[in-house]
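Student: So the sequences go chain by chain: L and C. Start counting the first sequence at 1; every next residue gets the next number (full-length UniProt numbering). Start counting the second sequence at 1; every next residue gets the next number (full-length UniProt numbering).
Think of the hints as simulated: they come from the structure by calculation, not from any bench. There could be a bad hint or two in this list.
DSSO-like mimics (lysine-lysine), calculated; alpha carbons at most 30 Å apart, straight line [stated by the list, open to error]: (1) C:28 to L:271; (2) C:192 to C:18; (3) C:222 to C:212; (4) C:212 to C:18; (5) L:276 to C:28; (6) C:18 to C:28.
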Amino acid sequence: MADVFKKVEPAEYYRRHLTHDARPDGRQLLAFRDVVVSVGTIGTADGSALVRLGGGGTTVVCGVKAELASPRPDTPARGYVVPNVELPALCAATLRPGPPTALAQTLSQAMADLIENSGCVDAGALCVSPGRLVWALHVDAVCLAHNGNLADACAAAVVAALRDTTLPAITIDDETGRVRVDSGRERAPVAASAFPVAASFAKFDNDILFADPTAEEEALATATVTVATLEDGSLCLLHKAGGSAMTEKELQQCVDRAQVRGAELRHLVNKVAASKEC
Amino acid sequence: MAGVEVVSEQGFRTDGRKPNELRRIRCKQGVFSHADGSAYIEQGNTKVLATVYGPHEIRGSRSKALHDRAYVNCQFSMATFSTGERKQRPRGDRKSTEMTMHMKQTFEATILTQLYPRSQIDIFVEVLQADGGNFAACVNAATLALIDAGIPLKDYVCACTVGFVDDVTIVDINHLEETNHIAEFTVAMLPKSEQFVMLEMSSRLHLDHLSKVMDMATKACKDVHLVLDRAVRDHVSEVWQQLGNT
Chain L
1 MADVFKKVEP AEYYRRHLTH DARPDGRQLL AFRDVVVSVG TIGTADGSAL VRLGGGGTTV
61 VCGVKAELAS PRPDTPARGY VVPNVELPAL CAATLRPGPP TALAQTLSQA MADLIENSGC
121 VDAGALCVSP GRLVWALHVD AVCLAHNGNL ADACAAAVVA ALRDTTLPAI TIDDETGRVR
181 VDSGRERAPV AASAFPVAAS FAKFDNDILF ADPTAEEEAL ATATVTVATL EDGSLCLLHK
241 AGGSAMTEKE LQQCVDRAQV RGAELRHLVN KVAASKEC
Chain C
1 MAGVEVVSEQ GFRTDGRKPN ELRRIRCKQG VFSHADGSAY IEQGNTKVLA TVYGPHEIRG
61 SRSKALHDRA YVNCQFSMAT FSTGERKQRP RGDRKSTEMT MHMKQTFEAT ILTQLYPRSQ
121 IDIFVEVLQA DGGNFAACVN AATLALIDAG IPLKDYVCAC TVGFVDDVTI VDINHLEETN
181 HIAEFTVAML PKSEQFVMLE MSSRLHLDHL SKVMDMATKA CKDVHLVLDR AVRDHVSEVW
241 QQLGNT
């Protein structure tokens with residue numbers, strides 16, 4: 001019976017749940033789904049991570065490939081990071097094969113902003129030879145299953161993959177100018193200490209605020225907001241794309257919840273990374 | 001010929017396998033709930049994910065609809081981080097387009113498409129890590145995903161690669177062996193009826209060796225079939241138990 005009601009009146013179905021501080025999947029309004037993180041899953045990448053929300057409802061795999069490149073003229077002593085989010089047709093029944101969707105492009109830009117603003121990669125350390133050679137990190141996040149809240153999943157996968165990334169040592173022969181990868185020396189990590197974590201919230205009927213929306217909830221939501229925080233409590237990304245207006249109090253509530261969420265996820269990723277090392 | 005010896009004097013390959021030995025296959029059906037069918041397979045270091053949607057109404061252009069059978073839509077894609085050197089485009093390049101076409105032809109020959117006129121079946125495969133035999137792994141993954149989706153097939157489609165080098169036939173070649181310019185066969189077959197549905201060869205091979213290579217390929221595909229069949233049976237019994245039956 002509930003299934004039929006959900007199909008016929010999805011908004012009313014959610015309204016009845018949400019007004020009682022409950023969600024159809026059993027979560028409370030401000031509860032996030034369980035997260036599974038594994039790092040170093042892709043052997044061919046220089047760093048990789050897989051993030052699953054809610055038992056595989058949303059799954060993102062991210063791989064980092066490092067390439068040697070010429071630096072950009074305005075920043076001769078800094079390497080660069082090129083994030084890209086892909087939403088292939090296999091991740092959801094509604095997606096068709098074709099050029100990147102608007103959502104994929106928005107997410108790619110959001111990831112670029114997140115990396116830039118948080119300083120989670122030390123661009124100075126990506127420099128091999130100033131003005132001549134720097135590392136370009138291609139960070140590709142592929143969505144394998146899409147059940148809402150891709151922003152959080154992508155951010156977690158991208159940051160975890162970058163923290164897993166190590167680069168080989170490079171030696172340049174001064175006389176011949178030949179570049180050689182020094183496999184004898186240890187690989188160096190690229191991640192800086194900053195660890196941004198994104199948390200997304202949605203509003204329903206212009207007044208009920210809830211966290212970590214699923215795809216169904218996203219479709220019914222009147223607004224969504226993504227907040228990314230750092231461990232010192234500062235914000236590094238705040239994104240609210242239109243929709244119903246939010247009060248300052250609600251925004252503060254989101255930020256507070258995002259801080260708690262950030263601490264949880266940082267703890268989880270650090271634990272996973274530590275267990276990989278030993 | 002590169003400096004690396006594909007098969008050593010003792011009869012072992014670079015990764016320690018014997019010539020007729022497959023790499024370890026690990027597979028799982030029903031990895032995602034959002035798709036009608038999904039499967040993940042690892043053949044050695046080659047990791048592939050396949051999802052199947054359908055049969056459903058024709059999406060996009062209606063002119064693709066076939067009045068007497070289902071339209072099979074495939075997409076082969078390789079993650080940019082799946083290869084040693086970064087791939088510029090995950091799909092749409094010549095190799096991917098060719099793979100897509102081969103997948104489509106292979107599965108059009110195997111799915112009982114006449115049961116679903118005017119509908120569409122989508123098969124999407126994504127290579128997450130590539131270490132040789134990508135197409136074979138994709139076909140095996142797609143077979144598992146199709147079975148998971150409950151789409152009627154003539155038989156399992158089992159695929160593997162076979163190489164021929166220095167008078168030795170080797171099965172399930174990895175990336176290192178692939179780069180040695182050996183004669184390489186990619187074979188997809190229906191193991192029960194021993195029919196080939198896809199056969200592709202690169203490089204040259206003397207006709208005298210063909211029957212030997214094909215015998216080896218048949219044997220390897222049957223071995224793959226055993227593994228896939230085991231995985232399907234395990235999955236079904238697991239689901240059966242989850243439904244509360246014993």
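Student: Now tell me, hint by hint, if it's right for this structure.
Tutor: Taking the hints in turn, this is what the structure says about them:
no.: 1; hint: C:28 to L:271; verdict: holds, 27 Å
no.: 2; hint: C:192 to C:18; verdict: holds, 25 Å
no.: 3; hint: C:222 to C:212; verdict: holds, 16 Å
no.: 4; hint: C:212 to C:18; verdict: holds, 17 Å
no.: 5; hint: L:276 to C:28; verdict: holds, 24 Å
no.: 6; hint: C:18 to C:28; verdict: holds, 26 Å
In summary, this structure violates none of the numbered hints.
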